[in-house]
Amino acid sequence: MEYAQKLLEQIGLQGRRVQMINLSSAMGGSFAEATKEMTEKIKELGLNPLREKATVEK
Amino acid sequence: MIVAEQKPLAEIKTLVADAKKVLVVGCGTCVTVCFAGGAREAAITASSLRMATKLDGNGKEVADVTVQRQCEWEYLDEIAQQVGEVDVVLSLGCGIGVQAMAEHFPKAWIVPGLNTSFLGLPTEQGVWAERCAACGDCILGLTGGICPIARCSKSLLNGPCGGSENGHCEINAEVPCAWQLIYDRLSSMGKLDRLLEIQPPKNWRTSRDGGPRKIVRPDLRLASEEE
Chain A
1 MEYAQKLLEQ IGLQGRRVQM INLSSAMGGS FAEATKEMTE KIKELGLNPL REKATVEK
Chain B
1001 MIVAEQKPLA EIKTLVADAK KVLVVGCGTC VTVCFAGGAR EAAITASSLR MATKLDGNGK
1061 EVADVTVQRQ CEWEYLDEIA QQVGEVDVVL SLGCGIGVQA MAEHFPKAWI VPGLNTSFLG
1121 LPTEQGVWAE RCAACGDCIL GLTGGICPIA RCSKSLLNGP CGGSENGHCE INAEVPCAWQ
1181 LIYDRLSSMG KLDRLLEIQP PKNWRTSRDG GPRKIVRPDL RLASEEE
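If you're matching them up, the sequences are chains A and B in order.
Yeah, the first sequence ends on 58 if you go by our numbering, and it's all consecutive.
Yeah, the second sequence ends on 1227 if you go by our numbering, and it's all consecutive.
It should be emphasised that the hints constitute simulated quantities derived from the structure, not laboratory data.
Keep in mind it's a predicted model, so treat the numbers as computed, not measured.
List time: in silico DSSO-like cross-link candidates among lysine-lysine, alpha-carbon distance up to 27 Å:
| hint | chain 1 | residue 1 | chain 2 | residue 2 |
| --- | --- | --- | --- | --- |
| 1 | A | Lys6 | B | Lys1054 |
| 2 | A | Lys6 | B | Lys1007 |
| 3 | B | Lys1054 | B | Lys1007 |
| 4 | B | Lys1021 | B | Lys1007 |
| 5 | B | Lys1013 | A | Lys6 |
| 6 | B | Lys1214 | B | Lys1107 |
| 7 | B | Lys1013 | B | Lys1107 |
| 8 | B | Lys1154 | B | Lys1202 |
| 9 | B | Lys1107 | B | Lys1021 |
| 10 | B | Lys1214 | B | Lys1154 |
| 11 | A | Lys43 | B | Lys1054 |
| 12 | B | Lys1107 | B | Lys1020 |
| 13 | B | Lys1154 | B | Lys1191 |
| 14 | A | Lys6 | A | Lys41 |
| 15 | B | Lys1107 | B | Lys1007 |
| 16 | B | Lys1202 | B | Lys1191 |
| 17 | B | Lys1020 | A | Lys6 |
| 18 | A | Lys6 | B | Lys1021 |
| 19 | B | Lys1054 | A | Lys41 |
| 20 | B | Lys1202 | B | Lys1214 |
| 21 | B | Lys1013 | B | Lys1054 |
Using the sequences and the accompanying hints, generate a full structural model.
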């Protein structure tokens, strides 16, 4: 994961766009939390500059 | 094996800056096992280049392919067409592979994606260390299988220098003193007396010091290629 984040930094993207968390199938609540957190983090970082079309999804 | 490591992406970008179409060529032997230029690394490098150059506003078409060995003509023949279709070829082979491609495809511009470092082996997973200097006149039979040319910082042939301290080399505490290693090994095998034999001065002409080297095996040459 650190390697992938380092690669992204070298490329010019923010490494924080890639994260890894550990969950089991019984942890539905934690999954929802993690997804919400990640979505907010990404919104802070802004759209991926490599994307052709700027579509903002709710 | 030949041990190399990848050049920083920033340097690779300058090497391919003028091109619109790039072919990244990996190699399936030495650089695969030192995780510098195998198929996986070729794919990652191609992908990184595509993304980075697009972010820079200088987007390129980058494809990748990996050949079994970049240092033999027959394996290069397989990618001749792809090489002809691009502006620059980024070789992830060792220095030999880069040059083989340059020789075999004289109309193509080949640039190196790796820094070829040394001949060595993995002492543990993820760590490679130099072992051989390719001197052309191997004396490992005299030194218990430890090479003083490659592993002694000064390539001394007659024992340790005054800088050998507690089995370490004075230039770097992490480098073992090669002569300490040789001494320990020969004495553990009861063969220390070998070091008492007087050896003639080493003939360095067989090493890089004698100029670019070549080996010819008449028994292996094809009749059609002999003069």
